[in-house]
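Let the sequences and hints guide you as you build the complete structure.
Which chain is which? The protein sequence lines are Y and W, in order. My numbering numbers the first residue of the first sequence as 245 and each following residue consecutively. My numbering numbers the first residue of the second sequence as 382 and each following residue consecutively.
Careful: at least some of the hints might be erroneous.
[As the list claims (entries may be wrong)] Calculated Cβ distances over 10 Å to all of chain Y for the following chain W residues: (1) Gly389; (2) Thr404; (3) Val516.
[Unchecked claim] Not the full set, but computed from the structure, chain Y residues with beta-carbon under 10 Å of chain W: (4) Glu267; (5) Glu279; (6) Val291; (7) Asp314; (8) Gly315; (9) Ala316; (10) Asp324; (11) Gln327; (12) Leu332; (13) Val356; (14) Glu404; (15) Trp408; (16) Tyr416; (17) Gly425.
Don't read these hints as lab results, they were simulated from the structure. All figures in this text were calculated on a predicted structure; none of them were measured in a lab. We put the CB at the ideal spot given by N, CA and C, even for glycine.
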Amino acid sequence: MSEGHDGDHRERGHHPAPPTPIERRVTAIESLLVEKGLLTSDVVDAVVETYERNVGPLNGARVVARAWVDGAYRARLLDDATQAIGELGFGGAEGEHLVVLENTPTIHNVVVCTLCSCYPWPVLGLPPGWYKSFAYRSRMVREPRAVLAEFGTTLADDVEVRVWDSSADVRYMVLPLRPDGSDGMAEDKLVALVTRDHMIGVVR
Amino acid sequence: MGGMHGFGPVIRSSGDRALDEPTFHEPWEGRAFGLMIATVAKGLRSGSLRPSIEEIEPATYLASGYYERWARAVEAQLVAGGCLTSAEIDRRAATVGDAPTRSQASDPELSTEIPAFLNGPVPTSGEPVTAAFRVGDSVTVRRMAPVGHHRCPRYLRGATGTVERVNGGWPHPGADAPEAVYRVRFAMHDLWGDDAEPGALFIDLWERYLS
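This is the structure we're talking about:
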């Protein structure tokens, strides 16, 4: 079934596959808008480049690392994430109202959007294919521990699983536990320990 | 989608554990996404794509890829807004060759504004509004079957939870005035019954969904 990530990686290069109907249609729409003078292609380029190059989970990793080393920042982040994340220069589309969920030794948070694909773009970029898949969207609310196990995440029985179904205007990001053995590590080294999956909550 | 059965395991593509999964798996996906944003930036369409995505016929919705659904919704809104006709898109798509090329044009002023348009600090949103419920109140999600776009998943209807936070006010989709939105906590058992996993579900719900 076709769903979250779109299509197969078709062979390009020497034997390119012919364009699919949707590829033809998207090309036609953009070309018509450009030919009519309604839109310019460089604006579309700029959008693509923004999310391919500049806005991705590295932003969120910087937020997490700062919270791990700076207690006052951590407090501001948990109190008003939009403002605290803005201090690092991140915000905007799909991040107008951010909330950060703190994992603790007895609480594990995980984020899903059952209605569509709500996701905090300014800190995590655009969502990965699996986050948009029907399997993730249908099952994370119904059997979170089973889905987490598929990501290799097994939680002790005394850890409360909190599933957050993004449904309205708030966008959620998880603040993971600082790893054991990372005491004394510099902030820029801590950034490298944080993955997108930590900040969605599918890994602990 | 919440609670539907039969979609199988969550499949990840290779490299998904790292930070380096490609943002777009095919170039046309990037163009579709870029068109979605650029048409708003140019004022060619307004508002959320969600209502148009949800108007896609259900069998087509399930058979379509993610960015394909977005592209269909962008097309529907551009046609509804009078920018393009379906017939001219059909004709143009038929002339796209085996190595798609698209018309190009430049607007340096707008394109340099795009990064800040998309990603820069913004004031926290949400308006102060009158709220009928308070933190700690027990609330029940109304039984209803609304037509059109809304943000109340079916799996919650009739379930009772507890108000954890009053988030502030936002306009409900299709409305202009802000309305209170609440963070509500549900015990998994109250959503799924005796074979539920332990734990809790949190979700933001507009006041109109609650009693």
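So, against the hints stated earlier in the document, which numbers end up violated here?
1, 2, 7, 8, 9 and 17
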